[in-house]
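These protein sequence lines are chains R and V, in that order.
Quick note: the first sequence uses our numbering, first residue 13, plus one each step.
Quick note: the second sequence uses our numbering, first residue 13, plus one each step.
To be clear, the hints were calculated from the coordinates, so they are not data collected in a lab.
Keep in mind it's a predicted model, so treat the numbers as computed, not measured.
Do not take every clue at face value.
The list makes no distinction among identical chains, and a pair is therefore deemed to hold if it is satisfied within one copy or across any two copies.
To be verified - Derived BS3-like pairs (lysine-lysine); straight-line CA-CA distance at most 27 Å: (1) K47 / K35; (2) K76 / K94; (3) K76 / K35.
Number of protein chains: 2
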Amino acid sequence: MMKRTAADISYTEDEQDLALFAKALSHPVRVQILKLLSNQPCCFTGELTSIIPMAQSTISQHLKALLEAGLIQGEINPPRVKYCLNPQNWQRAATLFEALFAHERDEDRCC
Amino acid sequence: MMKRTAADISYTEDEQDLALFAKALSHPVRVQILKLLSNQPCCFTGELTSIIPMAQSTISQHLKALLEAGLIQGEINPPRVKYCLNPQNWQRAATLFEALFAHERDEDRCC
DNA sequence: ATCATTTATCGTAAATATACGATTATCTGT
DNA sequence: ACAGATAATCGTATATTTACGATAAATGAT
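Make the full structure from the sequences, and use the hints.
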């Protein structure tokens with residue numbers, strides 16, 4: 013009989029996407045960046061480096077993580093890059109998190 | 013002048029908590045476990061090992077991560093431990109994620 | 001052409017996360 | 001007291017994340 017390993021596990025697309033979005037949100041500076049972006053129509057990275065006391069390369073790395081998760085998008089406007097939320101994926105993330113937390117289950121809880 | 017480093021950054025409690033909750037959700041198997049727990053009043057770890065094809069020690073490790081994030085709680089009932097959602101923190105997480113995604117900002121988006 | 005500005009990428013060190021098997025601890029039932 | 005069952009912990013190997021400084025790429029201004 014074949015041994016079962018973690019590689020055998022199949023997750024639904026929703027589960028995987030939710031985990032990826034959550035991973036993108038798993039560092040407070042990325043939460044902070046997303047809060048900034050959701051509270052104003054747009055944002056330059058340059059503004060971020062003056063707001064956030066981190067090395068420019070580190071901020072760029074965090075922006076890349078948000079980009080790869082699809083939560084933000086960049087518009088190249090050299091030498092600047094203008095970053096915004098990605099509306100479609102932002103909405104999808106909102107929906108996935110909302111669905112996860114939808115069940116309260118206080119009624120018949122056993123502990 | 014002092015050099016600014018990542019250690020200088022202060023985040024709000026909400027930002028830190030949101031990041032910690034998100035980190036707990038950043039692995040698909042933990043999402044799966046939480047979905048299971050939110051769809052039934054309770055759950056034994058034993059059931060998880062038969063549902064999830066991972067080593068028992070690995071599942072225990074993931075449960076520990078969820079415990080430490082405060083999203084679940086365990087009731088020792090030896091030799092079993094019964095795990096449930098932690099209602100207070102589950103609610104707090106729901107509120108934090110909802111607040112983050114509350115802003116749509118489609119109106120005056122510039123890109 | 002050269003310089004200044006902005007952002008990405010590279011290289012790297014340290015910390016954290018993930019998975020496994022083996023072992024240990026704790027309670028039940030015999 | 002002993003065996004079985006359940007779950008945590010330990011030890012460990014590998015991969016990923018996080019931070020930094022240094023460098024490179026790309027554009028605009030002089």
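Results for each hint:
1. K47 / K35: both (16 Å within a copy, 17 Å between copies)
2. K76 / K94: The answer is within: 13 Å in one copy meets 27 Å, while 40 Å across copies does not.
3. K76 / K35: both (13 Å within a copy, 18 Å between copies)
Hint compliance for this structure: no hint is broken.
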